[in-house]
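Student: Given chain H, put chain P in place with the hints provided.
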Amino acid sequence: MTARELESHGIATVIIGSGFDIVEKCGVPRYLHNDIPLGNPLGHPYSATEQHESVASALELIEQALVPTIRFGKVKWNEGEAWRANYMAITDANREALRLAGIENRRSRLEQIEKGEKR
Amino acid sequence: MDLVVCEAIKKDWENYLLKEDLPVPREYKIEGGLEHEPVKYIEKTRSYYEAQGFDRAYKWSDNSAIPWYQLSKPLSECNVTFVVTAVPDGTIPKLSRQGGSFALDEIPETFRTDELSWDKQATHTRDRESYIPMVALQQLAAAGIIGSVSARYHFVPTEYSQSNTLNSDAPAIRDACITDEVDIAILVPL
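Protein chains in written order, with the working numbering: chain H, 1 to 119; chain P, 1001 to 1190.
Just chain H, same shape as in the assembly:
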């Protein structure tokens, strides 16, 4: 949404991220997607090379794209593919814990609002 606002006011934007469906749905002008776990959109921690290449590729996209474009980045996750299924997985083992976490989440949120922690 911020990219859309900036782009509408004469600032060219590019998103570098890992949440493909969320960014795609929002409708953004340029998106460099690194298909790795959420948390390190620019590349592996401590891989300055990957991080540099992601930023350079995103800038190249700004320079080259003439229409809304999604570019798939070259960063690969070398630690297996289990993360795809594991993230936010709901299993018999965690179902009850999730239900209780939801109750605590709502209680804590109300408490924060009562303390004046809101906008």
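Mixed in with the good hints, there may be bad ones.
Claimed, not checked - Calculated cross-link-like contacts (lysine-lysine; reagent style BS3-like; alpha-carbon spacing at most 25 Å):
| id | chain 1 | residue 1 | chain 2 | residue 2 |
| --- | --- | --- | --- | --- |
| 1 | P | K1120 | P | K1094 |
| 2 | H | K118 | P | K1094 |
| 3 | H | K118 | P | K1059 |
| 4 | P | K1059 | P | K1094 |
Please keep in mind that the hints were generated in silico from the structure rather than gathered at the bench.
Tutor: Structure of chain P alone, referenced to chain H:
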């Protein structure tokens, strides 16, 4: 516009873009391909919060028209900034955080990320440069690829309320970018 993706995922890809979550497919040019279908975070998030007893599914921003601004000068003359969702001032309570602009030369060594949704099982955020493009941009400026790195960077909170983002955070960042004569913004959601 034709979608150009690697053959291996082409069939799934078409299902992916046309599934119920995407009632208004947008038109993008696709560059490159993937070995795997991207993770369906919208679907996962919906199920996860359902399991937590939330009765209303989060409504993700969904737009068919895409704004477009074509850069009118070379990268080497552009002033570039970045916008992040990692939290520069973690002392402000989550629900009170607002979008804002911060001096680059006072950038913290560590951003607060623990309250954001990311894959805490598969990775970590101890390397700031894996989600803050500062050093990379400074190197590109030193090499003359871009003109300069803007003196301020920007924070936009991941907000439940789209209205706060649309009517408050994004306009504040827009105004700061216009004041700073920014040509390009790189946005890095965690």
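Student: Would you mind marking each hint as holding or not holding in the structure?
Tutor: Outcome of the hint check:
{"no.": "1", "hint": "P/K1120 <-> P/K1094", "in the structure": "holds (19 Å)"}
{"no.": "2", "hint": "H/K118 <-> P/K1094", "in the structure": "holds (8 Å)"}
{"no.": "3", "hint": "H/K118 <-> P/K1059", "in the structure": "holds (20 Å)"}
{"no.": "4", "hint": "P/K1059 <-> P/K1094", "in the structure": "holds (20 Å)"}
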